[in-house]
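Enquirer: So the chains spell out like this:
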Amino acid sequence: MKPIIEIQALTKQYADGYLALDDVSVQINAGEIIALLGPNGAGKTTLISIICGLTTITSGSVGIAGFDVVRDYRKARSIIGLVPQELTLEPFETVLGTVNLSRGLFGKKQDKAHIESTLRQLSLWDRRNTQIRELSGGTKRRVLIAKALSHDPKILFLDEPTAGVDVDMRRDTWTVIKDLKRRGVTIVLTTHYIEEAEEIADRVAVINSGKIILIEEKNELMKRLGTKQLRIELERPISEIPESLRGFDVQFENGGARLVYRYDANRKQNDVHSVLEILTAEHIAIKDVQTYQSSLEDIFVSLVAEGRSS
Amino acid sequence: MNIYAMRAIYHFEMARTFRAPLQSIASPVISTILYFVVFGSAIGSRMTMIDSVPYGVFIVPGLIMLTVIMQSVANASFGIYFPKYLGTIYEPLSAPISPWEMVIGYVGAATTKSIALGLIILAVSFLFVPITILHPFVMLLFLFITSFAFSLLGFIIGICARNFEQLNIVPTLILTPLVFLGGSFYSIKILPPIWQTITLFNPALYLISGFRWAFFGVSDVPVTLSLAAIGFFSILLFGIVSWIFSSGYRLRN
Numbered sequence: 001m002k003p004i005i006e007i008q009a010l011t012k013q014y015a016d017g018y019l020a021l022d023d024v025s026v027q028i029n030a031g032e033i034i035a036l037l038g039p040n041g042a043g044k045t046t047l048i049s050i051i052c053g054l055t056t057i058t059s060g061s062v063g064i065a066g067f068d069v070v071r072d073y074r075k076a077r078s079i080i081g082l083v084p085q086e087l088t089l090e091p092f093e094t095v096l097g098t099v100n101l102s103r104g105l106f107g108k109k110q111d112k113a114h115i116e117s118t119l120r121q122l123s124l125w126d127r128r129n130t131q132i133r134e135l136s137g138g139t140k141r142r143v144l145i146a147k148a149l150s151h152d153p154k155i156l157f158l159d160e161p162t163a164g165v166d167v168d169m170r171r172d173t174w175t176v177i178k179d180l181k182r183r184g185v186t187i188v189l190t191t192h193y194i195e196e197a198e199e200i201a202d203r204v205a206v207i208n209s210g211k212i213i214l215i216e217e218k219n220e221l222m223k224r225l226g227t228k229q230l231r232i233e234l235e236r237p238i239s240e241i242p243e244s245l246r247g248f249d250v251q252f253e254n255g256g257a258r259l260v261y262r263y264d265a266n267r268k269q270n271d272v273h274s275v276l277e278i279l280t281a282e283h284i285a286i287k288d289v290q291t292y293q294s295s296l297e298d299i300f301v302s303l304v305a306e307g308r309s310s
Numbered sequence: 311m312n313i314y315a316m317r318a319i320y321h322f323e324m325a326r327t328f329r330a331p332l333q334s335i336a337s338p339v340i341s342t343i344l345y346f347v348v349f350g351s352a353i354g355s356r357m358t359m360i361d362s363v364p365y366g367v368f369i370v371p372g373l374i375m376l377t378v379i380m381q382s383v384a385n386a387s388f389g390i391y392f393p394k395y396l397g398t399i400y401e402p403l404s405a406p407i408s409p410w411e412m413v414i415g416y417v418g419a420a421t422t423k424s425i426a427l428g429l430i431i432l433a434v435s436f437l438f439v440p441i442t443i444l445h446p447f448v449m450l451l452f453l454f455i456t457s458f459a460f461s462l463l464g465f466i467i468g469i470c471a472r473n474f475e476q477l478n479i480v481p482t483l484i485l486t487p488l489v490f491l492g493g494s495f496y497s498i499k500i501l502p503p504i505w506q507t508i509t510l511f512n513p514a515l516y517l518i519s520g521f522r523w524a525f526f527g528v529s530d531v532p533v534t535l536s537l538a539a540i541g542f543f544s545i546l547l548f549g550i551v552s553w554i555f556s557s558g559y560r561l562r563n
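Residue numbers (my numbering), protein chains in the order written: chain A, 1 to 310; chain B, 311 to 563.
If you are wondering where the hints come from, they were derived from the structure by calculation, not from laboratory data. Everything numeric in this text was worked out from a predicted model, so none of it was measured. Virtual Cβ for every residue (Gly too), placed ideally from N, Cα, C. Among the hints, erroneous ones may be present.
So, partial list: chain A residues that the calculated Cβ filter (under 8 angstroms) puts toward chain B [as the list claims (entries may be wrong)]: (1) Gly97; (2) Trp125; (3) Pro237.
Interface residues of chain B toward chain A, partial, derived using beta-carbon atoms under 10 angstroms [said to hold, decoys possible]: (4) Ala325; (5) Ile469; (6) Arg472.
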């Protein structure tokens, strides 16, 4: 697939010496949804800000559909939409007024039909003449999305798009994002909600201390790094793991009332059956058995922890 | 050239004016009318003529300049500072527009508001004093250049300001004294020689003097010198704005 965003050896050092991005190189393909994960201060917002022209580059380059974001900034920016992290809107402007402003800023003639369709898609049409200050936080977030979509961008950056919105609104936002993907829009989103990345992303990039420490297909990543657990609740706590289970990756939890066996779910053969048989043979009564698939969040936490320790 | 962007910024800024007409239009007009009433009608009737012009009439160009200069700076500085304060500046900065297109949008709107205010005050002044304008086109030229140059100055102040207090420092502590002491209410010919010389270093003098010449054909300094001074001032401001945009100062991280 042809990359629509090409970031090469990008470094950003602020005036106070803080190194926000350190030699970052990433290619983002047209039409994909990529989630940028990382702890606070990792460099996610700086990366998006540089691509969108809000932050200057110390060294390296960023190309959008073949156009350099500094030299050919008009062509590069004209196909980009940005939904910022903060709810930054003029409080006294109406929804329609602010969305029309956005379309004009991006060099597009007013198009009532397109604006109406965008506002309807985001359930904002009925509130088009309402002043921004009268809207709830979640609705303001949707206005920001409407502004970013007002000029029909080919690439949409969403910086924490569902921060501070309720569960229903979050799911609505995901629906909008999935619909945009169907229409061929490339989506780059930063998020703290791993569940969000797990739900909608095609690829995941993990950024920590200004470096991309991993970028991979989400499903591949989960297959590769995902482990499964067998959680066995016991009728009565035991004081030590039976000798016959020592060869397995089994650990105590909950004061001996639970045994946790970790195994690779991708292996064709695993020893779940053997573990259960041994417990039966040892006359250890089982109250309940559960399996647990590690989530993207677990993977993310372990990757960041590895980064810190290395 | 991104015409749609310039138009969008311009309309957005003009709409801000019409959302608060009392503050944007009525307030400066009423303040200036009070000057007409107090200095023109009440005190003016007891003053001698200056350069053969009755005092109440003499102060009209100065009062218009006073309002135009202060409003140009206030409107333009607020126009760019408020989006910075709210964070909405991210949008024009990430849009496909050149810095100068942004300037035309923001400064153009502030200039339009100031010219409109100047003309409203001029129209109102006819109600209080009998005025004739000897050189109406020169008057309009001065009105335009002054509005534009001080809107540009306001734009620079708005970009540099870190808070609302800083936004008001230049207008309150520098511009107001300069305009008041630049001959808004008097001719510098009535000052002692040493103060006449000192006042020649006040840029506001050249604007007010040139504008007054357009009305009455009398001035403290030659009108060509006034035009040259405002021209130089504008070029200086263009230079500062260019530097701000090329360096990203207070705009981009």
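Enquirer: May I ask which of the numbered hints given earlier this structure violates, with the numbers listed in increasing order?
Expert: 2, 3, 5, 6
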